[in-house]
Amino acid sequence: MPKQPERIRPAVLVTILAVAGLVVLGLFVLNRSKTAEAHTSTPAAPAELPQPSHDGPPFRVTQQPVNSSSHVPSLSDRPESFLAKVVQRQSGPKNVPVSELLALIHNESAALGARRKAAKALGKSGSDEAFEAVKEILRESPSRIKAAIAEGLAESSHPDAKDLLFTLLDDQDEVCARGAVRGLGFMGSPEAVQKLVQTLHDENRPDSVRTEAALALGEMENPGAMVALMQAARSTEDPEIVQSILDGVGNRPISETREFFESYLQTPGLDSELKVAAIEALGNAEGAISDLLVNYTADADPEIRAAAAWALSASDRGEVGGDVLKALEREQDPSVRLRLYQALGNQQEYDLSSALVLVKSERDEAARLAAYHLLASHPAAGEDRGVLQFLQAVAVPELKATALNERQEFHHRLSSIMALGRAGRSTSAATDALQEVVGAGVDPRVKEAAITAIRTIAGH
Amino acid sequence: MKLQRFPLLFLAVLTIAPFLSTSTQAGPLSGDYVKTFSSEVQIWDPSGSYDENFDEEGIDLDFSMSVDSQGKIVGSGTFSFPDLWQEGIHGYINGVVTVTGKVSSSGSVTRVTYKIRISGGGMVDGYPVEFMANLSIKAEIDPQFGEMVGTVSGKLQARMPGEGSETIKVPPTYFETPLPEGMDGGCTLHLNNLSPDASGKKINGSGRMELSNGKILLFSVSGKYNQKKDEAKLALRGGAGNEKSKLSISASANGALLNVHALKGKTLGQKIQVNSR
Numbered sequence: 001m002p003k004q005p006e007r008i009r010p011a012v013l014v015t016i017l018a019v020a021g022l023v024v025l026g027l028f029v030l031n032r033s034k035t036a037e038a039h040t041s042t043p044a045a046p047a048e049l050p051q052p053s054h055d056g057p058p059f060r061v062t063q064q065p066v067n068s069s070s071h072v073p074s075l076s077d078r079p080e081s082f083l084a085k086v087v088q089r090q091s092g093p094k095n096v097p098v099s100e101l102l103a104l105i106h107n108e109s110a111a112l113g114a115r116r117k118a119a120k121a122l123g124k125s126g127s128d129e130a131f132e133a134v135k136e137i138l139r140e141s142p143s144r145i146k147a148a149i150a151e152g153l154a155e156s157s158h159p160d161a162k163d164l165l166f167t168l169l170d171d172q173d174e175v176c177a178r179g180a181v182r183g184l185g186f187m188g189s190p191e192a193v194q195k196l197v198q199t200l201h202d203e204n205r206p207d208s209v210r211t212e213a214a215l216a217l218g219e220m221e222n223p224g225a226m227v228a229l230m231q232a233a234r235s236t237e238d239p240e241i242v243q244s245i246l247d248g249v250g251n252r253p254i255s256e257t258r259e260f261f262e263s264y265l266q267t268p269g270l271d272s273e274l275k276v277a278a279i280e281a282l283g284n285a286e287g288a289i290s291d292l293l294v295n296y297t298a299d300a301d302p303e304i305r306a307a308a309a310w311a312l313s314a315s316d317r318g319e320v321g322g323d324v325l326k327a328l329e330r331e332q333d334p335s336v337r338l339r340l341y342q343a344l345g346n347q348q349e350y351d352l353s354s355a356l357v358l359v360k361s362e363r364d365e366a367a368r369l370a371a372y373h374l375l376a377s378h379p380a381a382g383e384d385r386g387v388l389q390f391l392q393a394v395a396v397p398e399l400k401a402t403a404l405n406e407r408q409e410f411h412h413r414l415s416s417i418m419a420l421g422r423a424g425r426s427t428s429a430a431t432d433a434l435q436e437v438v439g440a441g442v443d444p445r446v447k448e449a450a451i452t453a454i455r456t457i458a459g460h
Numbered sequence: 001m002k003l004q005r006f007p008l009l010f011l012a013v014l015t016i017a018p019f020l021s022t023s024t025q026a027g028p029l030s031g032d033y034v035k036t037f038s039s040e041v042q043i044w045d046p047s048g049s050y051d052e053n054f055d056e057e058g059i060d061l062d063f064s065m066s067v068d069s070q071g072k073i074v075g076s077g078t079f080s081f082p083d084l085w086q087e088g089i090h091g092y093i094n095g096v097v098t099v100t101g102k103v104s105s106s107g108s109v110t111r112v113t114y115k116i117r118i119s120g121g122g123m124v125d126g127y128p129v130e131f132m133a134n135l136s137i138k139a140e141i142d143p144q145f146g147e148m149v150g151t152v153s154g155k156l157q158a159r160m161p162g163e164g165s166e167t168i169k170v171p172p173t174y175f176e177t178p179l180p181e182g183m184d185g186g187c188t189l190h191l192n193n194l195s196p197d198a199s200g201k202k203i204n205g206s207g208r209m210e211l212s213n214g215k216i217l218l219f220s221v222s223g224k225y226n227q228k229k230d231e232a233k234l235a236l237r238g239g240a241g242n243e244k245s246k247l248s249i250s251a252s253a254n255g256a257l258l259n260v261h262a263l264k265g266k267t268l269g270q271k272i273q274v275n276s277r
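As they're listed, the protein sequences go chains E and W.
For the record, in the first sequence the residue sitting at position 87 is 87 according to the working numbering, with numbers rising by one throughout.
For the record, in the second sequence the residue sitting at position 132 is 132 according to the working numbering, with numbers rising by one throughout.
If you are wondering where the hints come from, they were derived from the structure by calculation, not from laboratory data.
Treat the hints loosely; a few may be bogus.
Ranges of calculated distance between the beta carbons of each label pair, as one might list FRET restraints [claimed, not checked]:
1. E/194 / W/32: 50 to 60 Å
2. W/275 / E/273: 33 to 43 Å
3. W/144 / E/221: 29 to 39 Å
4. E/329 / W/197: 36 to 46 Å
5. W/181 / E/401: 52 to 62 Å
Counterexamples of contact, computed for chain E against chain W with all Cβ distances above 12 Å [what the hints assert, rightly or not]:
6. 95
7. 244
8. 389
9. 450
All residues carry an ideal CB built from backbone N, CA and C; glycine is no exception.
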């Protein structure tokens, strides 16, 4: 099937943010002491934002009955709320006749995302008509459509759906088989866990399917899944599979997995590559993990130190800024220092003056770019005279030169643009530099990044 | 008399034959070569700018992200919802976006996992509000349609200083986004200035892998030529800006053409293993 002729509108992230953000904000206006009348009619846009109410802030946690005279309509009360529309749009077609789902699935000029959603909805449907259509579709459709059907089958109430899903696990089409794996992950039953564990351990299966099984087990709430995964981490020999197993374990909250990782990392004779994989997996764990990771920034192996620093940059915001600064002071390897600058930027706080001293003495080009990004991102960058002077006199000119240099490595050019975007919040010199990049005859991707960075500054 | 001559003729043929076969061998790699890969070798780079502007609701989520030679992703951008009034709320929210993640591969699949962290705030009905979002994207590359496809999940939190906070979890939700223009996984290998030494057994030179989006990965090249097999085994070590990449190639030359028998290694977090034998 040919590539889609037009760019599919990537709206999901934005709508999720909008949905959830508005729900959260909507909770703030529940139970305000104002009357409902002020909100029942379609509001006109105000000329300016209102001043804070003398009744106090609108935020309340407790609910009040809908029919209460003091109840203020919230987002969820409105029959045609934006919330309802957006949730409907993102969850895909519901209660749509099978014939319409089939028409959409077969429509090759329709957006692929819509076709996938229709396929998943068809798989979910428990009717005999839908199930027969599913079997037909599976014979002839593109891989992604088959995978979507497999995912949908996990939620189907049809008595034969589960067996069909198990069959798809063995499909020669790896994309379809991975879809079946994800479907089993969603099912979450003990039987599904068993199937996934078997898949993980089956050396005759493609690596992509085995590793998908590891990741799916890591997403499951079933405690048996995590037990099996942790056992597999120690018993599996293939390092590539073990890395995915560790990633799977890392998907769980750290409260469930900390003990495992601490023990695993202390395993005598553990291969360095697996140690790196375990530390990086911690970067994805939900919860406070910086205190464990920072210990590994002192390891003798630079690969492990770099992995720990990267995980510190990727994990939940940490509180080890002081320790990361100390690691930077002693670190000799520039590739590790680069990661440490990134890690420092993800700490709740750190001493800006000490960081400035380190940045000024940084000689490695790639590490310097990360260091400039760190300084430019600090909330107080525009208020600290020393930092501001350094940004204006040294960092911004160098970042601009890197961005404009056609011979520079693309990643460095893009990193420079992003750092200028951050610096632009503190100094107009950065904005001017970005404007210059936009106006120069540069690589279109660099120009596009510069335009995005200018928007970043404008939106701040 | 014929019988007496035959053994001599046979001996002569045996003596000359090795030289005849040698003269038809391609010889050690020397000079410049180019090899374009399509489906047999694919290297994915989701670097670029992602502008997700939802005009209907007036929401902007703009960020750029870049992948380094180890496949690690860094990115930054901005989120803004400048006018909440259309939903009956006086106010606005905006925030700074930070992106971290990685690209990896397993067998035939390339996975892109990254976190989008939004930190910011705004005003809601005249009161300051802090807003945070942690979204986790777990996606794989769809080579057929040039997209990242997967799920997005995470949590959002709004906090009113002194009053408390509310947190909402975002369950795993279907996610897809097209890769930046020009990225289709194709790549072209350039081997330059390959110079065999006097023995013809050792080879040095330089190289680069050019991706479909124009990104260039630099390498230094060194290796050996096996005359009997008429095959060179070359090690490519990442150059400036590409230090963590490593490739090894078994190849032979057919005039100006490079026949790659095997290619193995890792770059941009992705494993490459191709064997055409």
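Hint by hint, here is what the structure shows:
1. E/194 / W/32: 50 to 60 Å: holds, 56 Å
2. W/275 / E/273: 33 to 43 Å: At roughly 23 Å between Cβ atoms, residue 273 of chain E and residue 275 of chain W fall outside 33 to 43 Å, so the hint is violated.
3. W/144 / E/221: 29 to 39 Å: holds, 32 Å
4. E/329 / W/197: 36 to 46 Å: holds, 45 Å
5. W/181 / E/401: 52 to 62 Å: About 26 Å separates the Cβ atoms of residue 181 of chain W and residue 401 of chain E, which means 52 to 62 Å is violated.
6. 95: holds, 18 Å
7. 244: Nearest chain W Cβ is 6 Å from residue 244 of chain E, so the label is violated.
8. 389: For residue 389 of chain E, whose nearest Cβ neighbour in chain W is about 23 Å away, the distance exceeds 12 Å, so it holds.
9. 450: violated, 9 Å
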